[in-house]
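K.L.:
As given, the protein sequences belong to chains H and X, one line each in that order. Convert by adding 29 to the 1-based position in the first sequence; the result is the number in this note's numbering. Convert by adding 29 to the 1-based position in the second sequence; the result is the number in this note's numbering.
Check each hint, because a few of them may be wrong.
[Unchecked claim] Straight-line C-alpha distance at most 20 angstroms; calculated SDA-like pairs for lysine to any residue:
{"hint": "1", "chain 1": "X", "residue 1": "Lys-132", "chain 2": "H", "residue 2": "Pro-104"}
{"hint": "2", "chain 1": "X", "residue 1": "Lys-62", "chain 2": "H", "residue 2": "Asn-93"}
{"hint": "3", "chain 1": "X", "residue 1": "Lys-328", "chain 2": "X", "residue 2": "Val-370"}
{"hint": "4", "chain 1": "H", "residue 1": "Lys-148", "chain 2": "X", "residue 2": "Ile-145"}
{"hint": "5", "chain 1": "X", "residue 1": "Lys-372", "chain 2": "X", "residue 2": "Asp-350"}
{"hint": "6", "chain 1": "H", "residue 1": "Lys-94", "chain 2": "X", "residue 2": "Gly-90"}
{"hint": "7", "chain 1": "H", "residue 1": "Lys-94", "chain 2": "X", "residue 2": "Ser-89"}
{"hint": "8", "chain 1": "H", "residue 1": "Lys-62", "chain 2": "X", "residue 2": "Pro-104"}
{"hint": "9", "chain 1": "X", "residue 1": "Lys-168", "chain 2": "X", "residue 2": "Gly-78"}
{"hint": "10", "chain 1": "H", "residue 1": "Lys-309", "chain 2": "H", "residue 2": "Thr-362"}
{"hint": "11", "chain 1": "H", "residue 1": "Lys-132", "chain 2": "X", "residue 2": "Ser-89"}
Please keep in mind that the hints were generated in silico from the structure rather than gathered at the bench.
There are 2 protein chains.
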Amino acid sequence: MDKLRYKNKTLKEQKIMAVIVAKFGGTSVADIKRIESAADKIKKEVEAGNQVAVVVSAMSGVTNKLVDYCSEISPMHDVREYDTVVSSGEQITAGLMAMALQKIGISARSWLGWQIPIKTNNVHGKARIEHIDTAEIKKRLDINEVVVIPGFQGITEQRRISTLGRGGSDTSAVAVAAALNADRCDIYTDVDGVYTADPRIVSNARKLHKVSYEEMLELASLGSKVLQTRSVEMGAKSNVPIQVLSSFGEFIGSDRKGTLVTKEEDIVEQEVVSGIAHQKDEAKITVIGVEDVPGVAAKLFKPLADAAINVDMIVQNISQDGLTDMTFTVPRTDLERAKKVLKENIDLKYEDIAITENVAKVSVVGIGMKSHAGVANTMFSTLAEKGINIQVISTSEIKISVLIEQDYTELAVRSLHAAYGLEDQQKIM
Amino acid sequence: MDKLRYKNKTLKEQKIMAVIVAKFGGTSVADIKRIESAADKIKKEVEAGNQVAVVVSAMSGVTNKLVDYCSEISPMHDVREYDTVVSSGEQITAGLMAMALQKIGISARSWLGWQIPIKTNNVHGKARIEHIDTAEIKKRLDINEVVVIPGFQGITEQRRISTLGRGGSDTSAVAVAAALNADRCDIYTDVDGVYTADPRIVSNARKLHKVSYEEMLELASLGSKVLQTRSVEMGAKSNVPIQVLSSFGEFIGSDRKGTLVTKEEDIVEQEVVSGIAHQKDEAKITVIGVEDVPGVAAKLFKPLADAAINVDMIVQNISQDGLTDMTFTVPRTDLERAKKVLKENIDLKYEDIAITENVAKVSVVGIGMKSHAGVANTMFSTLAEKGINIQVISTSEIKISVLIEQDYTELAVRSLHAAYGLEDQQKIM
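In isolation and in its complexed conformation, chain H is listed as follows (with noise of 0.2 angstroms):
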């Protein structure tokens, strides 16, 4: 069904209706102007006989606001009423949305969490979907009316309203596409696809036509930031194909012009290596010279989670004298409270700690790595080359990440970039 609508063309040529959910960010709706730019891109979709849901964020810096609010009063505010506070900013986006679609001639009526209503669970702050009743949005889809419903917000079964967390929006577009069983999501950004590496550091990096939602996670996480990774996980789950696109260019959602994130087997040529990913701003702890025993992961791991820091890079060195160190990395704005949870939280003995800050991880993410040797080492010869030395390793089946100095970070970006040959052909001529 996917292949045929994406690979033929029908949807268009022959008129048949598909169903889309388009969700615009923060930037895409910053303002009136930018929300009636995006208003004509969904009366394109309209005009092409789709039927439309629309999903959007807050305008920018609106929820910053309301969360600097809340945190004025106490950084311990209830979440409960923080969840009342800052779901208004795509509120006040969705009045605004509906309105404009109306000025310019396309029926439409915003559609909040709770009228929906969007069910979730009952975790304030980043509360998970666990239902949303089609029952109404189907009826208004069906007499070409365009919903607009606000993302990032949901209600509880205790009628209270809810949020997902932050970029929690993206989450609220696919599970709707997933409600609905939409042929595609459209996440209109600022940027106008999923690239080989940031474009800021490799001016060559091509954009990416078609990524699975696995490298999509590993490249999501890994700080391409372009997609909220649970809305990637749920695509994935639901079998929802998303597209990602700018939303300050002319076409529209059906020209493709974008990244269609869809599943593994919709991809016919698979890369090797599809993108270069880096991570700035991570800082690495050793703990030394702790004794080499079952359980002492969960004793200094625990206490960690616990704190809600967030550990990523885990490696274990190996042991002498019954003693080991363990190493991992952490955000460098988790440090302090990091620092702090091990010198006081932990049961555990241990000789000494180092930290290194200004580390950075680069992770070279492909599908088609499975199926191929010599990854790795194309990445280890090629930092070699350049003097750039490997602090840590760590590797999934479908990506490579090592650990890096900082300053390292764009040589070795831009190095690995050209090694697996990832260049836009056209940007090089």
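Take the given structure of chain H and dock chain X to it, following the hints.
P.N.:
Relative to chain H, chain X alone:
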């Protein structure tokens, strides 16, 4: 009952629990510091043994900004979506207020219009409250939880958010107080009560301790701008004592340093004249040489009403030769539209139209006026002594209004204030 509670101070002394609704306007919740200061006042009410429901406005400036967004999209925007957008201002404050209360150890929870629910008719943008379900609120009050309610909003039968029109939070507060059968509705604002005249004009104006609903209606609609007219009407109808007091002082509601708006019977010493109100920026329109036959007034004023032009004082001169002149006032801001209606939409012959801009209305208000002669005469002779020409006179049971040249407003208000002996004796000494 009211007398018992307010005359003999039994409430505080005997620790009888009272139900208080406290409303904080935009300037009283303008930023986090002010919200926290308002929360402190609520805490004192709770500690005094009262059950408290709080009604909040949007932080000052927020509603204007949201209204501007809507107008920027289209002056003819969908008022249902407008309500979804602008109601978020109060939603934000409600959540923040609940947090601020919790921070200082007061159990609190926000309840949005749709959560209570506050049911309104479906006249979006200026809806009327039809019913407030108090079951949940009462349950919460009974467990000593402060109930925080966003003003200005409700929900229609179609489950869409409605708003009550500008200043609607006063109405929300009085409606909640009426539904709860509350002992008092405190309106915290940026003035500390209702004065015998605008203190910026009359430096020794006296604060009224008590004023009747009827007087307050005249004072409010005549420009005292302290309470929304509809909230006073609702207070009168449901017999809820309304107290106006400043949110910037140290005292709280029970200390009664503000002005209590209550029923006439509860005011033992009724003043002949309670205050001098004034309204600048009026315009006078005289339609000259209209045929003096039945139906003329209807032909003249219906098109103006249809155009939502707020016609105020109306005077018809003595007929000469079968022709008469009709004079009325409109707010200066409506003048251009009124002229347009008169020139284009009036099915009525007339000789000419005379416009006088820069006129002001000055009114003497007092419930005791009913039983005292000579009030009007004092007004006219005082103005005559100062050489102030009266252009139009209109009267009701409890007020006399005159239209004068705007430049004389302050002189007129001060002279009348002195003539009726309204000065604060302490301020004179």
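K.L.:
Against this structure, judge whether each hint is valid.
P.N.:
Evaluated hints:
1. X:Lys-132 / H:Pro-104: With a Cα-Cα distance of about 10 angstroms, the restraint between Lys-132 (chain X) and Pro-104 (chain H) holds, given a limit of 20 angstroms.
2. X:Lys-62 / H:Asn-93: holds, 18 angstroms
3. X:Lys-328 / X:Val-370: holds, 12 angstroms
4. H:Lys-148 / X:Ile-145: Status holds; Cα separation ~19 angstroms.
5. X:Lys-372 / X:Asp-350: The hint is violated at about 24 angstroms.
6. H:Lys-94 / X:Gly-90: holds, 15 angstroms
7. H:Lys-94 / X:Ser-89: holds, 15 angstroms
8. H:Lys-62 / X:Pro-104: Since the Cα atoms of Lys-62 (chain H) and Pro-104 (chain X) sit roughly 15 angstroms apart, the hinted pair holds (cutoff 20 angstroms).
9. X:Lys-168 / X:Gly-78: holds, 16 angstroms
10. H:Lys-309 / H:Thr-362: OK: Lys-309 (chain H) and Thr-362 (chain H) at ~11 angstroms, within 20 angstroms.
11. H:Lys-132 / X:Ser-89: violated, 29 angstroms
Violation of the numbered hints given earlier is confined to hints 5, 11; the remaining hints are satisfied by the structure.
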